[in-house]
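> Construct the complete structure from the given sequences, taking the supplied hints into account.
Protein sequence lines correspond, in order, to chains A and B. Quick note: the first sequence, position 104, residue 104 per our numbering, numbers continuous. Quick note: the second sequence, position 102, residue 102 per our numbering, numbers continuous.
Just so you know, the hints here were simulated from the structure itself, not pulled from any lab data. There's no promise every hint is true.
Copies of the same chain look alike in the list, so a pair counts if it fits in one copy or across any two.
With a straight-line Cα cutoff of 20 Å, these simulated EDC-like cross-link-like pairs (lysine to aspartate or glutamate) come out [to be verified]:
| no. | residue 1 | residue 2 |
| --- | --- | --- |
| 1 | Lys216 | Glu6 |
| 2 | Lys264 | Glu289 |
| 3 | Lys108 | Asp211 |
| 4 | Lys5 | Asp122 |
| 5 | Lys286 | Glu229 |
| 6 | Lys269 | Glu289 |
Number of protein chains: 2
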Amino acid sequence: MEQEKEITIYDIAKTLNISPATVSRGLKDHPAISKKTKKKINETATALGYRSNTFASNLRTKSTNTIGVIVPRLNSNFMSSAIAGMEKVANAAGYNLIISQSLETVKKEILSANTMFHSRVDGLMVSLAYDTEDISHFEVLIKKGIPLIFFDRVPQHNSCTNIVIDNYKVAYDATKHLIDQGCKRIVHIAGNLKRNVYADRLHGYEQALADNGITKDADLVLISNLNIEAGPEATQYILNLDPQPDGIFAANDAVAVGCMQALKQAGKKIPEDIAIIGFNNDPLCKVIEPNLTTIDYPGREMGDLAATTLINQLTGKGDINVSRLVLRSELIIRESSQKIKS
Amino acid sequence: MEQEKEITIYDIAKTLNISPATVSRGLKDHPAISKKTKKKINETATALGYRSNTFASNLRTKSTNTIGVIVPRLNSNFMSSAIAGMEKVANAAGYNLIISQSLETVKKEILSANTMFHSRVDGLMVSLAYDTEDISHFEVLIKKGIPLIFFDRVPQHNSCTNIVIDNYKVAYDATKHLIDQGCKRIVHIAGNLKRNVYADRLHGYEQALADNGITKDADLVLISNLNIEAGPEATQYILNLDPQPDGIFAANDAVAVGCMQALKQAGKKIPEDIAIIGFNNDPLCKVIEPNLTTIDYPGREMGDLAATTLINQLTGKGDINVSRLVLRSELIIRESSQKIKS
DNA sequence: GTGAAAGCGCTAACAT
DNA sequence: ATGTTAGCGCTTTCAC
Chain A
1 MEQEKEITIY DIAKTLNISP ATVSRGLKDH PAISKKTKKK INETATALGY RSNTFASNLR
61 TKSTNTIGVI VPRLNSNFMS SAIAGMEKVA NAAGYNLIIS QSLETVKKEI LSANTMFHSR
121 VDGLMVSLAY DTEDISHFEV LIKKGIPLIF FDRVPQHNSC TNIVIDNYKV AYDATKHLID
181 QGCKRIVHIA GNLKRNVYAD RLHGYEQALA DNGITKDADL VLISNLNIEA GPEATQYILN
241 LDPQPDGIFA ANDAVAVGCM QALKQAGKKI PEDIAIIGFN NDPLCKVIEP NLTTIDYPGR
301 EMGDLAATTL INQLTGKGDI NVSRLVLRSE LIIRESSQKI KS
Chain B
1 MEQEKEITIY DIAKTLNISP ATVSRGLKDH PAISKKTKKK INETATALGY RSNTFASNLR
61 TKSTNTIGVI VPRLNSNFMS SAIAGMEKVA NAAGYNLIIS QSLETVKKEI LSANTMFHSR
121 VDGLMVSLAY DTEDISHFEV LIKKGIPLIF FDRVPQHNSC TNIVIDNYKV AYDATKHLID
181 QGCKRIVHIA GNLKRNVYAD RLHGYEQALA DNGITKDADL VLISNLNIEA GPEATQYILN
241 LDPQPDGIFA ANDAVAVGCM QALKQAGKKI PEDIAIIGFN NDPLCKVIEP NLTTIDYPGR
301 EMGDLAATTL INQLTGKGDI NVSRLVLRSE LIIRESSQKI KS
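Structural data, given as structure tokens:
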């Protein structure tokens, strides 16, 4: 089981009595090499068990064909779909992916950014951690001219391409839907407002209330870490409100589900006593009873688009001036919000 | 925004009037370099904006400090926990992770294995795709002496380290629990029996039946792809059985949940009419009603252990002869299986 | 259409 | 404790 010596282009060159340069060209399908020579080269390459040495090549060409990805967590349906989309596009274009989880902390995000920098990724796709305030840790990459794309959770002000959905609009639609169902006191469970996604969802909620003559009540907005475990706590807060609210719009499905469980345990009927809407269209929505109304969030498409855009920037193709791409997404109405049976 | 010239150890050497070798050593915290010189080196390195060139280093040392991971999918609680565990251990030891999803097909798994090979990973951790039959695509890596570790879904016969739980035993326990609850006709929803995890679970189920005087009935075992979408189909099959079964042991939580939904829709009471047990302890279990009895599957620990073992093999430390590691796991009893209230 | 040769940035054996 | 030197495997300019 001892590892045999690595085969290099020199070995191929020697067996064929040609120069290493020709081998290098032949392997890369260089036009100036004759078909016959190319064929011979490829044959002996496989015969000898040659594998290209990426490092030598990278060292020469100064490009790595590697794309970095930094995400808060992998274990959501949205994220793993997004990454599947990225992988497909990246692989098809001959790029590799290095994936890293920030586990929702800036600290780990900074470490990851540095690792990516030192790994000399050709480009980077990022969705921010829960508590990232400034994005100076990405400056080194930007300064070196490494294309950076933010998706989903994007920074407030930045010069990079952002790929998002219209959080404001769908939040508006969700809130409006609750109002249409007769809700008058609607709670919004928000995430950290430093994150665009949560800030925009809050604004959509507020605007929908305003447009429908419902006075804003600061007590009805609570900030949560949006875990399923945060549900009971949020519910406790909600149950202590007086008068009781009749609708909830949560900034993600996990906390919505956590709430529903706690509310049901407290004897509340959903949607009769209180209607509820989540966000993301996680598989959970169709398991909880009643099924949860939510916002469809197209993970795979977003990943696909992010990677495509990035690769276009790398290769200089396509619309490289686009600074913001907004994907379509929409409200999916299920039982948890339908007070009025249709 | 134009990228300035890359700083190399030669630039640092020149500014300090020392040799590049000293700089290289200083940066690596080599013991033979004086504290003072090291400090100077590190200072000018940051001042100049130096970043190490991994490729040059890899080219020299012939090691990449990169570990590959190939998994069926990322979007299960189990997998992303496992990967989080791996990342933590790997990063702490100075390794990077390249992660790839086989999306449950051998075809993609083969591609991924090749990519890993050409990326010259120092080691590889693999959980097999649903339909992988032989593992010859990993031979190239094995031949080159690249340590390979299988976890969770491991091949039947192989010379690599396997990290697993005792699927047989916990399946036995789960089935025994159903029997203790009074179940006489227990269905097992199995996965592809080429996968150790599903074959072992089936055997545990069968042995528990045998040990308790219940005659085996081939009609009660069905093979499923174990998606939540497979639940209704499996349920249809179950509802057509005569006499009706009174217990189900499913090889994962997703299909168990899918079944529960369909059973409830068909008017079956759980656990009164039919008790049910899943596998994995996915967060879903605590959302479905009644809460699903399942097997706890320690993802994070498994990832941690896999990475630790691999890195030990790479560095030559630790027990490198271990060929099989079995993690503790156990039955978690919830409402879905308790016919007898305790 | 093919070859010669230099050099990418780093490391490590050897020398001092 | 530090310096000299050769070379990892590949690409590419220039030459023929």
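> All the hints need checking, so say for each whether the structure fits it.
Hints, one by one, checked against the model:
{"no.": "1", "hint": "Lys216 <-> Glu6", "in the structure": "neither (70 Å within a copy, 55 Å between copies)"}
{"no.": "2", "hint": "Lys264 <-> Glu289", "in the structure": "both (10 Å within a copy, 12 Å between copies)"}
{"no.": "3", "hint": "Lys108 <-> Asp211", "in the structure": "neither (41 Å within a copy, 51 Å between copies)"}
{"no.": "4", "hint": "Lys5 <-> Asp122", "in the structure": "between (30 Å within a copy, 16 Å between copies)"}
{"no.": "5", "hint": "Lys286 <-> Glu229", "in the structure": "both (19 Å within a copy, 11 Å between copies)"}
{"no.": "6", "hint": "Lys269 <-> Glu289", "in the structure": "both (11 Å within a copy, 15 Å between copies)"}
Of the numbered hints listed earlier, those contradicted by the structure are 1 and 3.
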